[in-house]
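Q: If you want the building blocks of each chain, they are given just below.
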Amino acid sequence: MPDTLDSNRIRVRMYRVGFGDCFLVSLPLSGNGGVRHILVDCGVHGKGNIGTMDSVVENIAKVTDSKLAVVIATHAHQDHISGFDPDKFNKFEIGEVWMPWSEDPNDPKAVKLKKKHVALAAQLNDHFAAQAFIGGRMSSSLAAASAAVANLVANKTSLQALHSGFGGTARIRFLKAGDNFQNVENVPGLSTRILGPPTDEKFLAKMDPPAGHSYLRLNGNRAEAVNQLRPFSAKWEIKPSDRKMANLRLPESEKKRIKGDVASDSLDGLAFALDKAVNNTSIVALFAFGGQTLLFPGDAQYGNWAAWLEEDGSADILSSVGFLKVAHHGSVNATPKDALEKMSTGKFAAMVSTQSKPWPSIPRVPLMDRLKQQTRNKIVRSDSLAIKNLPHAPKGPAVAKLPSGFVKGDFWYDYFIKL
Amino acid sequence: MPNNTRNDAPTKRPLKAYAFDPSQGRNLGNYMTINVRNEQLAPGPVGRYLCVIDYDASNDRYYEPVDLDDPAVLLWGGLDPSESDPCFHQQMVYAVASETIGRFEFALGRMAKWGFRGGRKTDPNRSRLRIFPHAMQEANAYYSRDLRGLIFGYFPASETDAGDSLPGQTVFTCLSHDIVVHETTHALIDGQRRFFMEPTGPDTPAFHEGFADIVALFQHFSYKEALVEMIQKTGGLIYRLNVAPEVAPADGGPVIASELSTSNPLVQLAKQFGEAMGMRAALRQALGTRPNPRDLERLFEPHDRGAILVAAVFDAFFSVYVRKTRDLMRIARASGAASGPDDLHPDLANRLAKEASKIAGHFANICIRALDYCPPIDIRFGDFLRALITADYDLVPDDRYEYRAAFIEAFRLRGIRPEGVVSYSEEALRWCPPEQMTGISPPRCQGLDFDLFSLPTPEQQKKNATILSLFGKNNAAALGLTPGVPVEAHSFHPVHRVGPDGRFRVEIVAELMRQTQVPLDPKDKKSVKFTFRGGTTIVLDRHGQVRYAIQKKLGKDNDQNERLRRQREYYYQMDATSGLTTYLGPFPLDGRPMNFNIIHRGY
Chain H
0 MPDTLDSNRI RVRMYRVGFG DCFLVSLPLS GNGGVRHILV DCGVHGKGNI
50 GTMDSVVENI AKVTDSKLAV VIATHAHQDH ISGFDPDKFN KFEIGEVWMP
100 WSEDPNDPKA VKLKKKHVAL AAQLNDHFAA QAFIGGRMSS SLAAASAAVA
150 NLVANKTSLQ ALHSGFGGTA RIRFLKAGDN FQNVENVPGL STRILGPPTD
200 EKFLAKMDPP AGHSYLRLNG NRAEAVNQLR PFSAKWEIKP SDRKMANLRL
250 PESEKKRIKG DVASDSLDGL AFALDKAVNN TSIVALFAFG GQTLLFPGDA
300 QYGNWAAWLE EDGSADILSS VGFLKVAHHG SVNATPKDAL EKMSTGKFAA
350 MVSTQSKPWP SIPRVPLMDR LKQQTRNKIV RSDSLAIKNL PHAPKGPAVA
400 KLPSGFVKGD FWYDYFIKL
Chain V
0 MPNNTRNDAP TKRPLKAYAF DPSQGRNLGN YMTINVRNEQ LAPGPVGRYL
50 CVIDYDASND RYYEPVDLDD PAVLLWGGLD PSESDPCFHQ QMVYAVASET
100 IGRFEFALGR MAKWGFRGGR KTDPNRSRLR IFPHAMQEAN AYYSRDLRGL
150 IFGYFPASET DAGDSLPGQT VFTCLSHDIV VHETTHALID GQRRFFMEPT
200 GPDTPAFHEG FADIVALFQH FSYKEALVEM IQKTGGLIYR LNVAPEVAPA
250 DGGPVIASEL STSNPLVQLA KQFGEAMGMR AALRQALGTR PNPRDLERLF
300 EPHDRGAILV AAVFDAFFSV YVRKTRDLMR IARASGAASG PDDLHPDLAN
350 RLAKEASKIA GHFANICIRA LDYCPPIDIR FGDFLRALIT ADYDLVPDDR
400 YEYRAAFIEA FRLRGIRPEG VVSYSEEALR WCPPEQMTGI SPPRCQGLDF
450 DLFSLPTPEQ QKKNATILSL FGKNNAAALG LTPGVPVEAH SFHPVHRVGP
500 DGRFRVEIVA ELMRQTQVPL DPKDKKSVKF TFRGGTTIVL DRHGQVRYAI
550 QKKLGKDNDQ NERLRRQREY YYQMDATSGL TTYLGPFPLD GRPMNFNIIH
600 RGY
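From first to last, the protein sequence lines stand for chains H and V. Using numbering that gives the first Met the number 0, you'd call the opening residue of the first sequence number 0 and step up by one each time. Using numbering that gives the first Met the number 0, you'd call the opening residue of the second sequence number 0 and step up by one each time.
It should be emphasised that the hints constitute simulated quantities derived from the structure, not laboratory data. Nothing here was measured: the structure is a model prediction, and the numbers come from that model. Glycine included, every Cβ here is placed at the ideal spot set by N, Cα and C.
Here are the computed distance ranges between Cβ atoms for each label pair:
hint: 1; chain 1: H; residue 1: K371; chain 2: V; residue 2: A464; range: 46 to 52 Å
hint: 2; chain 1: V; residue 1: K461; chain 2: H; residue 2: P250; range: 27 to 33 Å
hint: 3; chain 1: V; residue 1: D163; chain 2: H; residue 2: D84; range: 48 to 54 Å
hint: 4; chain 1: V; residue 1: P292; chain 2: H; residue 2: D241; range: 54 to 60 Å
hint: 5; chain 1: V; residue 1: S422; chain 2: H; residue 2: P359; range: 49 to 55 Å
hint: 6; chain 1: V; residue 1: P518; chain 2: H; residue 2: A233; range: 53 to 59 Å
hint: 7; chain 1: H; residue 1: K407; chain 2: V; residue 2: P518; range: 31 to 37 Å
These stretches of chain V come out as covered by chain H in the derived footprint (C-beta under 8 Å, 3 or more residues):
hint: 8; region: 131–144
hint: 9; region: 152–158
Please take these sequences and the hints and turn them into a complete structure.
A: As C-alpha cells, then:
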C-alpha cells in the first residue's frame, strides 16, 4: 500500500544500499493532489554491496505505488545505476528519465567520449584481471584502482533499461548545465535547475585519456600484452648472456622493480583519471519546491563544481540550499571547501550515502566534521543505520539520538522538510 | 689545425645528435655534433657518471648496446642520426646528458654528484645514473631516485593529428634533446640537495619543472647554425614565437612550402612530443602569454605554474639581449639596412648570434649557480629571485649590463614577491649575513676537510658532517635554527669559482636540517602525520666565516607558524585535485620526494 505524506512536508528517503546511492524524494501536491516521487539513482558497487538492493526496490514500489514521476541516473557508474533492473523497473509507471548529456546517442561529442570511456574501462579491467592472475604487484593502489574500474564495467543492462525508458512511454531527457525546467511535467510546482555537467571544450579535454599505454589481457591460461609496440626490428635484440652485456644485465629482482614502476603505476593513475572523468559527467540538479531548495550533485568532482561555482549567482544558490545530498559518498574531492563555506550555517541538512568499504579513506573525516559544524549536526550517514539480519555490514559511527527532522526506517533514513 | 701533438689525449669526443628532435628533419642545423668531454667508455655507453642500459620493460628485452670506441664509429664522429637504430639513441642520450652535466659542473664550479644511494654492492653501476632510453611504451619520461635513473618512453603518435610526425609512427622521448636535458636536470638537482624534491607547496614541484625547462631552453642558444638562421628569419627578434614565411604569400593564401609561416623552435620545447600527442603545438614555450600577476593565484598544475618562472627568466634574458645588441642594429640601420626581418646581413646575423649565445650562457650559469643560494627545502619562486640576485652579485658585483635589474623587473611583472623583503631593490633582495638577520654573529666554522680537485671521501664526508652539525647546534640562534631539535648536516659542497674580473673564490655550501612529526589535521587526534622540515643553507667563505644563512624556520606547531599552515593547506589542495587520494587518502604525501612519474604524466 502506498504511504501517505502530510501535505505540508517534503520527504527525502536515503536507502542504505552499501557503497552506492539511492534517494527517493517525495513531494506533496497542493490541495489533495497526492504525492509525486522522484528517484535519484539506484545502485551499489559490487565490492561494497551489503545485499539490501532487492528490498530497497520492493520498498520503492510499495511507497510509490510503482509510480515515479522522474527517474534520474546522475552518471553511468555501477554504484548509481546497478539497481535499475529492467525486470523490476519495467513494471513501474515512469514519467521521465533524466541522464547527463554525455549519454545522448544523438550527440556526436557524447558518443565519442562515451566510446573512449567504455573502451578504456574494458582494457583496464582486463589488464587488472590479468595482472592479478599472474600474481603481479597487488598494492593498495592497484586494488583501489581496479575497484574504481570495476565500477564502470558490466553496466550494460541497467543502461539499456534507462535508455529504453524502461520499456514504456517515459520521456527521456539528456541534461546539461544551464537547463531549466519551470514546471516539470507531472509535478506541478517543481522547478529544476541543472548546474552540471558542463559541455565546454576545456571540461571535455579533462576526460580525454592519453594515448600510448599497453595493456595486459588474459588469453586462456596466460596473460598477453595487447596493442604492444615493438620499437625496433628483431636484429637489434640482444640476449643478456651476450659478452657485451656483462656490465649491463639487470638481476631479475631489478627488472621486476622497473616493470612495476613503469607499468602498473601508470595504469593505476589512468584508472583514477577515468573514474574522475566519469564522476564529472554527473548531473548536478537543484530542485525548488514550495520555497525549499534541494541540491543533488551526484558524484560531481571538483572540475564539475568549479565550472558553475565560477559563475555569478553561485553564492546565492548555495546560501539558499536547505538540503544537500553529499557528493561522491563524502570523499575528499567531491565537496569543494568554497562551496561548503558558502552554504548557510545551521540552515541546511545533509545526507551521506557511504561506507568505508571498499575504500577505507571514504568518507573523509575532516569533511564529515566540517559538515557537522556547518549543518549544526543535521546530518546522517547511511552506514550509521544498523540493519537487522546484516550484522556484517560495515558499521559507521553509531547515532545515539537522531537530529530533528530525521526518522529511522528498516533500511533507510527519512528527512522531512516543512513547507 | 689545432696544435695537437701525438701524446696529447684528445679532450673532446664528437658525437652526433638531433639539436631538436627528428620532426625537424635536416632543417636549422638539426643534425648537430656535440663535443663531450672525452672519457673511457665501455659498451652501453658506460662512463664515469652515466650508464646507458637499453632494457625495455614493456617488451622485457634488451637492445644491442653501442660501443662508441669502435673505430668505425670513432672515424665517423659517432653514428649518424637515425630513428630506427637504437644504438644512435643510446649515443644521443649519452651525449646530451653528458653535455648537461658539463654545463652544471662549469656553472657550479665542482664535480657533479647523484642524489641516490644504495644499489647492491655487486652492482658495477651503483654510483652511476642509469639511463633507460626505451624503458616503456608510454608518452612520458621521468627521473626516479628509487630506480637510480632516467626512464624514457616511446609511444605511437596520434592517429588523427600528429603534426610533423606520421600518424601512428613511433615517437621516442629519448630523441628529444629538450626532454633529455630536462630529465638530466632533475637528476642533477637531486644530487645537489637532499630535500629539495619534497613537495611542500605549489611552488616546489613547479620550480623543478620550470628550472629543468629553463636549462633545456638555454641550451638551444648554443646551437650556432639554428641560431643564425632564426636570427636571419626574425630580423634579430629571436623571442618571436612565429617566423615569417620565406616568401610573402599571394592574396589567395600560401601555395608552396616557402610561403608557410613556421614556428620558432628556439623558444619552444619538445615540439614532436607535443604534436604527436595531438596538441598541435610544442609541449611548452619560453614565453607563453602576457605577464599577468594574477597567474600565480590561478595556476597550480606544476608545469603551468613552472611556466611562469620560465617566462620570467626568459623575459630577463631577451631584455638584456635587446639592450646589448641595440648598437649593432643601429649601426646596421645607419648603413641603410631595412629594419624588418628581410635580408639581415650575414655578418650582422653572426654577430647577433654570438651575443645571444654568450648572454644565454651567462644566464644559464646564473640560474644554475643560484641553486647554491636557495633554502634547503620548500623553495618558492621569490626565494629563487633572491638566490639569483645574490649569486650574481657575489661573482659580478658590478652589474654593468643590468642583468639583475632585468631579472627583478621580469619577476615583478609576474607578481613573484619574495617574502619578508621591503622592496624590489637589489639591496633588499640580496640575502644578508646572519648578524643582520638575527643580530648574532656566529664564529668561524673550523676544521672542515676537503680537497678542491676531488670529491670528498666518505671519511671526509663523515668528519665534515659531524663538525657542521655541531656547529649548527652550538649556533642555532645565529643561524635561524629552532633550538632543541637535533641538527643534521647534508649536502656539503666545496665550490671554486672564477669571476669575470679574474677573482678566484673558494666557498663551502652546506645544509643544516631539522625535522619534526606533525599531524596533518591538528584538530583530529587520529590524523595521519607527516614530516615537517626546517633548515638553513649556509654559505661559508674559505676561512669558515658564515656569509649567508638562508633559512626556512621549523618553528612550533601553532597558529603563528605560517609555513606549516601553508604546507597543510597544500596537502589538502593536492587531495582535492588528485584522483588517487579520493580512494587512498592523503598518506602517500608523507615526506616523500616528488613523484616525477606522476607529475610528468600531467593528468
